[in-house]
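Participant: Each chain, letter by letter, is given below.
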Amino acid sequence: MSENKSKYLIDGPTSKWEVVIGLEVHAQISSNSKLFSGSSTTFGAEPNSQVSLVDSAFPGMLPVINEFCVKQAVKTGLGLNAKINSYSVFDRKNYFYADLPQGYQISQFKNPIVGEGVVTLDLPSGSKKVGIERLHLEQDAGKSIHDLDPSNTFVDLNRSGIALMEIVSKPDLRSPEEVKAYVKKLRSIMRYLGTCDGNMQEGSLRADVNVSVRKEGDKNLGTRCEVKNVNSIKFMEMAINYEAKRQVELLESGKSINQETRLFDTKKNETRSMRSKEDAHDYRYFPDPDLLPLNLDKDLIEKIKNELPELPDQKKERFIKDYSLSSYESNVLVSEKEVAAYFEEVIKTADKKLATNWIIGDLFATINEKNISISESPIKVKEMASLINSISSGLISGRAAKEVFEIMKNTGGDPVKIIEEKGLKQKSDPKELELIVTKIIEENKDKVNQYKAGKEKLFGFFVGQTMKVSGGTANPQLVNDILKKKLK
Amino acid sequence: MSDLTNNSLTELVDLIKKKEIKSEEVTNAYIDNIKKGKKLNSYITETLDLALSNAKKFDLKPNFDGLLSGIPLAVKDLYCTNGVRTTAGSKMLENFIPNYESTVTSNLWSEGAFLLGKLNCDEYAMGSSNETSFFGNVINPIKENTVPGGSSGGSASALAANLTPATIGTDTGGSIRQPASFTGTVGLKPTYGLCSRWGIVAFASSLDQAGPMTKTVSDCALMLEAMSGFDPKDSTSIDKKKEHYSKKLSKNIKGLKIGIPKEYRVDGMPNVIEELWEKGKKILKEEGAEIIDISLPHTEYALPTYYIVAPAEASSNLARYDGVKYGYRSSKGSNLIEMYENTRSEGFGDEVKRRILIGTYVLSSGYYDAYYLKAQKVRQLIKNDFDKAFVKVDAILTPSTPSSAFKIGEKKDDPISMYLNDIFTVPTNLAGIPAISIPAGHDQNNLPLGLQLIGKPLGEQTLLNLSLSMESKINIKHNITKWWEK
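Respectively, the protein sequence lines represent chains Z and B.
Going by the working numbering, the first residue of the first sequence is number 3, and it counts up by one from there.
Going by the working numbering, the first residue of the second sequence is number 771, and it counts up by one from there.
Quick caveat, the hints were computed from the structure, so don't treat them as lab data.
Please note: incorrect hints may appear among the correct ones.
[What the hints assert, rightly or not] Computed cross-link-like contacts, DSS-like style, restricted to lysine-lysine with a CA-CA straight-line distance of at most 25 Å:
#1 Z/Lys112 to B/Lys1153
#2 B/Lys1021 to B/Lys1177
#3 B/Lys1021 to Z/Lys95
#4 Z/Lys18 to Z/Lys257
Using the sequences and the hints, build the whole thing.
Facilitator: In structure tokens:
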């Protein structure tokens, strides 16, 4: 990649500053039951209705690992091109909080289930590889609700014990745009795998963002600050922008950065100190004696590997190769599994090029406008293919197709019927079109003379008139041919 | 009519199965003793009415298929019992009533037994004299003013005084075997993972193990058979077929090799214990076993290792008692942190606090490697010692404790001297292997002393057979005067 073309640098009075970012993404595993108990994980249930004796840490209760969650983590690790550790250990991370019933979180500290991996980002400037440091399994805490009562805090333990994957990147990211691309890519991979739904509104995906700055060209890392628990891509970008500027200002004014944990205030768009390094918790990690180390069978890992679905990167390459798409087109189409599937269904019966343009163009615009997913699109695969085929076969013009699409997007329906009802069928009978053209030439003798005298721009006028009279249904290619002949 | 409670558990089961006595008679006999035995303070909670109604229910429609048909049993108050208060000997759980039943007690009930009451113990099983219980200390029926040992002190006392026909304790560093030794009863700590820990208030998860406490070795086999078994709810439970210890029980120990570890001959050990050990060797030899001198070179590090590992795990296991969800909550404090501090300051006793502090310290960053990690390494060495020894021998014979029962209050304010009580028992917990203490004699003050047999992993049957053989030769009688009834 061309390093300088898209470099995100912050200009200070004395220097340009590079921003170095690493992410700890917390991804909720798609699983019907929790990591160490059989409780349900359905989002939005009545508070404290999905809590077992284990989740609420009653005396004598013991955790039992959910094998499905382990497989999900392995799957994700393989999707991140990472090393799967056949031996991993669950540790206790000890701290007191009202929504942490055990007084410790079961996590993985020294021996995570997944080791180093790599994720490839497609950026406007080209592709970039981002290193994955590790992925480990851990349980979520409950939720403290402070705003229901002025003097009491309420605790909802529905989330307590839900399985999370913490995916730690190397400090390889250099701009908010890269962070955005990274999170989207992670989400895409996990959605392809079915290991995390990536739903940020429901808290299924959130991140701790580590930010530091250094003078351009500097090899050493600066002191970092960790912005905790940011739950949308937009907020991540905002937090990084704010935090990078804050750090540059401090350094430029001769001060130093305190290594600390900060909070991002979404209302004020600023980060605030939460606790300094000195006040950092001592979590007293130690192996959880209630759980045996996790020993993964090589055959199991191999089996999961063989069952992996086609992932975005592979699909992209295939689209480029098989469908002659550009890298950009292919990238857009594979970013979501459902979009790629939609595209592939459409092109089973319709033209690839047209399908690409219509999906990336009009269909995406519609989906974004309505804020829906492609599976909720009012235009189903069959109808989309039918519309495209109407264009390819010359039944309607591209212009008429736009009109049909407008109707389909609002009311749905079969494009062929709409074409008939609205009389949008393209006129391709040369005799019929010749009659129209002859009439227009007769009615505009002066313009014909001007054209013949060399004012060739007027050709467009005759085309426009013909289309107008035909109600937009005239076959443009035919109109061109007839006009050229008649105006000679 | 002779006192039914003088029978062993095995005898009672036989009498009931032969329809010579009714469960109600048995139950009433124990209820009578319990009512007269309050001075011992061995019970925290009595469920006498419940027991009687269960006995009547049994007699009405008896099912003789169980190993423990129609038998009332009291259990250590560390086992969660559905609908019956479970305190762990702590103010923290003074009013805690679980709505679930521990796997081990469930196993007993499905063999036909039913609950008689919950027995006193050291707070969260932390203690060697039953003096740390919030519900007061327990007295050894052998001698007034003497401790019954701990932490299963209530269990040992109730058993020795015939306030329950048998019982179950838990053993983290000797909590079954030391009180058994102090009260002249049989106590077995099984292989780690043989009995489920599900539903037992946790002290130190990697060491805790449930086990039987009985009057005879046969009773011990019966109880172990009833309570043990694989439990998918406990990830450390051993997945194996249930053993029929009582059926396979045999006095034939010919050809078994018994190791005598020289490291268990500690400085200052009374002569009487040395003599007892010799007597044990002699009996085993006479019964056809071979005595072999062995070495367990890391024995001296077992106690310090134990007092790092156990408090470390305890400090984390006891974090859940924070006043938020159940149990004691202080009314003082104006925010969450103050509520935590007051709740835990008021709800825990001194020994529990001491161990939480030690555990927190050894896990702290900067100390973890020097203490916890080092202790884990030493623990492995201790385990290796046993592994090596068991290549040569089938079991190991040692004294159970370095002394007999001491006076109440004698060691209460001297934790080091108190901790030294566990010197012979902790190595097996660290190694996860089984060990049994059987009554072997008395000291000059007529206080009971026990011998300990240590076995290979899952070597319970061998231990029980050796114990049975020794029991038949030792044949001691404890002179219990029932002074507490006066």
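Participant: Just pull the numbers of the violated hints for me, sorted ascending.
Facilitator: Checked against the structure, the hints that fail are numbers 2 and 3, while the rest are satisfied.
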